[in-house]
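Colleague: Residues per chain, in single letters:
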Amino acid sequence: MPRTQENNRFILTIPADARWLAIVRAAITKACELAAFPPTEAGHIVLAVDEACSNVIKYAYKHDPFQKIVLTVKVSDRRLEVFVDDEGPRVRLEDLQGRSLDDVRPGGLGMHLIRRAFDTVAFDGRKRRGNRLKLVRTVSEEKA
Amino acid sequence: MPRTQENNRFILTIPADARWLAIVRAAITKACELAAFPPTEAGHIVLAVDEACSNVIKYAYKHDPFQKIVLTVKVSDRRLEVFVDDEGPRVRLEDLQGRSLDDVRPGGLGMHLIRRAFDTVAFDGRKRRGNRLKLVRTVSEEKA
Amino acid sequence: MKIEIVDYKGMKVISPAGEIDMHSSPILRKEIMAFVGQRITPLVVDLKEVTYIDSSGIATFVEGLKGAMSYGGKLKLLGLAPQIREIFSFSKLDKVFEIHSSADDIIQG
Amino acid sequence: MKIEIVDYKGMKVISPAGEIDMHSSPILRKEIMAFVGQRITPLVVDLKEVTYIDSSGIATFVEGLKGAMSYGGKLKLLGLAPQIREIFSFSKLDKVFEIHSSADDIIQG
Ligand SMILES: Nc1ncnc2c1ncn2[C@@H]1O[C@H](COP(=O)(O)OP(=O)(O)O)[C@@H](O)[C@H]1O
Ligand SMILES: Nc1ncnc2c1ncn2[C@@H]1O[C@H](COP(=O)(O)OP(=O)(O)O)[C@@H](O)[C@H]1O
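Protein chains in written order, with our numbering: chain A, 1 to 144; chain B, 145 to 288; chain C, 289 to 397; chain D, 398 to 506.
Rather than coming from a laboratory, the hints here were simulated on the basis of the structure.
Treat each hint with caution, since some may be false.
[Said to hold, decoys possible] Only pairs whose alpha carbons sit at most 30 Å apart, straight line, appear in this in silico BS3-like list of lysine-lysine:
{"#": "1", "chain 1": "C", "residue 1": "Lys362", "chain 2": "C", "residue 2": "Lys336"}
{"#": "2", "chain 1": "C", "residue 1": "Lys336", "chain 2": "C", "residue 2": "Lys380"}
{"#": "3", "chain 1": "A", "residue 1": "Lys74", "chain 2": "B", "residue 2": "Lys278"}
{"#": "4", "chain 1": "D", "residue 1": "Lys489", "chain 2": "B", "residue 2": "Lys202"}
{"#": "5", "chain 1": "C", "residue 1": "Lys354", "chain 2": "A", "residue 2": "Lys62"}
{"#": "6", "chain 1": "A", "residue 1": "Lys62", "chain 2": "C", "residue 2": "Lys297"}
{"#": "7", "chain 1": "D", "residue 1": "Lys471", "chain 2": "B", "residue 2": "Lys278"}
{"#": "8", "chain 1": "D", "residue 1": "Lys406", "chain 2": "B", "residue 2": "Lys206"}
{"#": "9", "chain 1": "C", "residue 1": "Lys380", "chain 2": "C", "residue 2": "Lys354"}
{"#": "10", "chain 1": "A", "residue 1": "Lys62", "chain 2": "C", "residue 2": "Lys300"}
{"#": "11", "chain 1": "C", "residue 1": "Lys300", "chain 2": "C", "residue 2": "Lys362"}
{"#": "12", "chain 1": "D", "residue 1": "Lys471", "chain 2": "B", "residue 2": "Lys206"}
{"#": "13", "chain 1": "D", "residue 1": "Lys471", "chain 2": "D", "residue 2": "Lys406"}
{"#": "14", "chain 1": "A", "residue 1": "Lys62", "chain 2": "C", "residue 2": "Lys318"}
{"#": "15", "chain 1": "B", "residue 1": "Lys218", "chain 2": "B", "residue 2": "Lys278"}
{"#": "16", "chain 1": "C", "residue 1": "Lys380", "chain 2": "A", "residue 2": "Lys58"}
{"#": "17", "chain 1": "C", "residue 1": "Lys318", "chain 2": "A", "residue 2": "Lys58"}
{"#": "18", "chain 1": "C", "residue 1": "Lys336", "chain 2": "A", "residue 2": "Lys58"}
{"#": "19", "chain 1": "C", "residue 1": "Lys354", "chain 2": "C", "residue 2": "Lys300"}
{"#": "20", "chain 1": "D", "residue 1": "Lys406", "chain 2": "D", "residue 2": "Lys492"}
{"#": "21", "chain 1": "A", "residue 1": "Lys58", "chain 2": "B", "residue 2": "Lys218"}
{"#": "22", "chain 1": "D", "residue 1": "Lys471", "chain 2": "D", "residue 2": "Lys427"}
{"#": "23", "chain 1": "C", "residue 1": "Lys380", "chain 2": "C", "residue 2": "Lys300"}
{"#": "24", "chain 1": "B", "residue 1": "Lys218", "chain 2": "A", "residue 2": "Lys134"}
{"#": "25", "chain 1": "D", "residue 1": "Lys463", "chain 2": "B", "residue 2": "Lys202"}
{"#": "26", "chain 1": "B", "residue 1": "Lys202", "chain 2": "D", "residue 2": "Lys399"}
{"#": "27", "chain 1": "A", "residue 1": "Lys134", "chain 2": "C", "residue 2": "Lys380"}
{"#": "28", "chain 1": "B", "residue 1": "Lys278", "chain 2": "A", "residue 2": "Lys62"}
{"#": "29", "chain 1": "C", "residue 1": "Lys297", "chain 2": "C", "residue 2": "Lys318"}
{"#": "30", "chain 1": "D", "residue 1": "Lys492", "chain 2": "D", "residue 2": "Lys445"}
{"#": "31", "chain 1": "D", "residue 1": "Lys406", "chain 2": "B", "residue 2": "Lys202"}
{"#": "32", "chain 1": "A", "residue 1": "Lys74", "chain 2": "B", "residue 2": "Lys206"}
{"#": "33", "chain 1": "D", "residue 1": "Lys445", "chain 2": "C", "residue 2": "Lys336"}
{"#": "34", "chain 1": "B", "residue 1": "Lys206", "chain 2": "D", "residue 2": "Lys399"}
{"#": "35", "chain 1": "B", "residue 1": "Lys202", "chain 2": "A", "residue 2": "Lys74"}
{"#": "36", "chain 1": "D", "residue 1": "Lys489", "chain 2": "D", "residue 2": "Lys445"}
{"#": "37", "chain 1": "D", "residue 1": "Lys427", "chain 2": "B", "residue 2": "Lys202"}
{"#": "38", "chain 1": "B", "residue 1": "Lys218", "chain 2": "A", "residue 2": "Lys74"}
With the rest of the complex left out, here is chain A (with noise of 0.2 Å):
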């Protein structure tokens, strides 16, 4: 965070393991209300966080608990913008696909309550290593 308009964000860094989800969906907890989401849409963005965090967990990372996620989340007045970033191999977005809803089996969930949560869901190309998942809403009025 150098010293320029960047003050706008917060960055929370969590270990690979499942046991820091918490911490992440209280601090985007707070974040949604810091840019006045009604509660219905907050609830579907912490739920999408704590969805692209387990993913990294499990598919970038393997479940190795040594590596880390960093959230970058900038706050403005009816938006949320969430930045993921990841060490793990490099993926694309057409490579995360989730099963078809009424295929009923475990799994295949999480991408579904990514793209319902956010407006914006894409991999930053202009990483240059490891990943970095940017996912954007804004406060809808009719969901409000």
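We have chain A; now place chains B, C and D with the ligands onto it with these hints.
Modeller: Same frame as chain A, but now just chains B, C and D with the ligands:
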């Protein structure tokens, strides 16, 4: 967070602006839960970390919101260690004196609240630039 | 998450409390699979104390259901708060699980 | 924190809700000082919706009290939840402020 034994802590970096204190409290509240602090002790700890950050904002950074505060929170069973890092001018613990509690005036309460919550309150002398305040608390059986 | 096995009018009910996420769902899985191992039916889980569930929790129930189905058993859920029910319906699993409002419902049903 | 001025049986009551910290206490300060500017007494603040207060909030009340004292006025607090009352007593300010349990208490007192 290099790939060592350090998977027992998270790091929260916030701009030096009181707006972000709510995020700090949310994260520390959850950390207290993970460390199994009873609610009263957790309340004191959360308040104390808020006070430590408020002091950095006021005194170390003189309300410049483009500076940053880095909180490193190490969670063990029944024990919490919080390191508060700033890049402000060097201070010594002796310089931080609260008012006498019998002297009724605004201010001077923060350091008392910090000392009440934590067993250890110390500056890490090894830090070369800025300050690292070290706060340690173990669950007290009798207060629980 | 904490988990208890509650006896309700002779019916054993799995009662988790708190947040079900990737960290805690293995504990829930263990309890459900112990019931499956004993071929218990219906397999009843009371979610009234559950405040949060993510996809790992949902996956755990799908696994339990498949286990129960292997011996012709059933999995029944009860006490879903609105935000919990909502994720089951989003997952299109509200039709797959039997969702009841109370344990008496299950006993009478 | 949100703040409202509530009229209770003809008495104006400052009613903050939520968390009072270094970010929100300036808003509370403004309301209290507006009352002080009008030399209102007693200056009544209802804390029943307040879930958290830090030293900046406490300092705000001390300032309000000093302001009120300048014209012989009083500052009265009511509706303190246990964790809020606890920080006033830790600060040894529970003796300095008048702490009441209800607005009727103040009207009758
Ligand atoms: N961060 C990631 N890195 C690599 N692969 C991923 C990542 N996230 C998701 N995937 C892939 O996308 C698939 C769908 O993910 P998801 O919908 O979350 O379901 P689930 O994790 O239950 O399989 C996963 O099975 C996995 O193959
Ligand atoms: N991080 C800090 N850097 C520099 N000085 C500090 C810092 N924290 C506290 N102080 C000094 O210690 C004094 C007591 O602090 P505190 O008890 O929190 O009361 P208050 O901030 O209300 O004055 C402050 O007035 C200030 O002079």
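Colleague: Evaluate each hint against the coordinates.
Modeller: Evaluated hints:
A C-alpha spacing of about 19 Å is found between lysine 362/C and lysine 336/C, which places the hinted pair at or below 30 Å, so the restraint holds. Using a Cα cut-off of 30 Å, the hinted pair lysine 336/C and lysine 380/C holds, with the two alpha carbons roughly 20 Å apart. Taking the CA atoms of lysine 74/A and lysine 278/B, the gap is about 28 Å. The hint holds against a cut of 30 Å. Between lysine 489/D and lysine 202/B, the direct Cα distance comes to roughly 24 Å. Compliance with the 30 Å bound is thereby established for this hinted pair.
Our distance criterion of 30 Å between C-alpha atoms is met by lysine 354/C and lysine 62/A, whose separation comes to about 26 Å. Taken as a hint, the lysine 62/A and lysine 297/C pair is broken in the structure, with Cα atoms around 44 Å apart against an allowance of 30 Å. Taking the CA atoms of lysine 471/D and lysine 278/B, the gap is about 41 Å. The hint is violated against a cut of 30 Å. Note on lysine 406/D and lysine 206/B: the hinted pairing is violated, with a Cα-Cα distance of about 44 Å set against a maximum of 30 Å.
Taken as a hint, the lysine 380/C and lysine 354/C pair is honoured in the structure, with Cα atoms around 16 Å apart against an allowance of 30 Å. Between the alpha carbons of lysine 62/A and lysine 300/C the distance comes to roughly 36 Å, so the proposed pair goes past 30 Å and is violated. As the CA atoms of lysine 300/C and lysine 362/C are separated by approximately 14 Å, the hinted pair is consistent with the 30 Å bound. Distance hint between lysine 471/D and lysine 206/B is unfulfilled; the C-alpha atoms sit about 33 Å from each other, more than 30 Å.
Restraint check for lysine 471/D and lysine 406/D: the C-alpha separation of about 18 Å stays at or below 30 Å, so the hint holds. As the CA atoms of lysine 62/A and lysine 318/C are separated by approximately 21 Å, the hinted pair is consistent with the 30 Å bound. With a CA separation close to 11 Å, the supplied pair lysine 218/B and lysine 278/B stays within the 30 Å bound. Restraint check: the Cα-Cα separation between lysine 380/C and lysine 58/A comes to about 24 Å, which is no more than 30 Å; the hinted pair holds.
Restraint check for lysine 318/C and lysine 58/A: satisfied, since their Cα atoms lie roughly 20 Å apart, inside the 30 Å limit. Using a Cα cut-off of 30 Å, the hinted pair lysine 336/C and lysine 58/A holds, with the two alpha carbons roughly 29 Å apart. With a C-alpha separation of about 19 Å, the suggested pairing of lysine 354/C with lysine 300/C holds against the 30 Å cut-off. The suggested pairing of lysine 406/D with lysine 492/D holds, with an alpha-carbon distance near 27 Å, which does not exceed 30 Å.
A threshold of 30 Å between alpha carbons decides the hint, and for lysine 58/A with lysine 218/B the separation of about 23 Å falls inside it, so the pair holds. A distance of roughly 17 Å separates the Cα atoms of lysine 471/D and lysine 427/D; the hinted pair therefore holds under the 30 Å criterion. In summary, the hint linking lysine 380/C to lysine 300/C is supported, as the alpha carbons are separated by about 27 Å, within the 30 Å threshold. Distance restraint check for lysine 218/B and lysine 134/A: the Cα-Cα separation of roughly 28 Å lies within the 30 Å cut-off, and the hinted pair is therefore satisfied.
Note on lysine 463/D and lysine 202/B: the hinted pairing holds, with a Cα-Cα distance of about 23 Å set against a maximum of 30 Å. Distance check on the hinted pair: lysine 202/B and lysine 399/D sit about 23 Å apart at the alpha-carbon level, within 30 Å; holds. As the CA atoms of lysine 134/A and lysine 380/C are separated by approximately 27 Å, the hinted pair is consistent with the 30 Å bound. About 33 Å separates the Cα atoms of lysine 278/B and lysine 62/A, which puts this hinted pair outside 30 Å; it is violated.
A hinted pair counts as satisfied when its Cα atoms are at most 30 Å apart, and lysine 297/C with lysine 318/C qualifies at roughly 24 Å. For the proposed pair lysine 492/D and lysine 445/D, the alpha carbon gap of about 19 Å is at most 30 Å, so the pair holds. Taking the CA atoms of lysine 406/D and lysine 202/B, the gap is near 41 Å; set against the 30 Å cutoff, the hint is violated. A C-alpha spacing of about 23 Å is found between lysine 74/A and lysine 206/B, which places the hinted pair at or below 30 Å, so the restraint holds.
A C-alpha spacing of about 29 Å is found between lysine 445/D and lysine 336/C, which places the hinted pair at or below 30 Å, so the restraint holds. Our distance criterion of 30 Å between C-alpha atoms is met by lysine 206/B and lysine 399/D, whose separation comes to about 26 Å. In summary, the hint linking lysine 202/B to lysine 74/A is supported, as the alpha carbons are separated by about 23 Å, within the 30 Å threshold. About 20 Å separates the Cα atoms of lysine 489/D and lysine 445/D, which keeps this hinted pair within 30 Å; it holds.
A threshold of 30 Å between alpha carbons decides the hint, and for lysine 427/D with lysine 202/B the separation of about 19 Å falls inside it, so the pair holds. Distance check on the hinted pair: lysine 218/B and lysine 74/A sit about 25 Å apart at the alpha-carbon level, within 30 Å; holds.
Of the numbered hints given earlier, the model fails hints 6, 7, 8, 10, 12, 28 and 31; all others are met.
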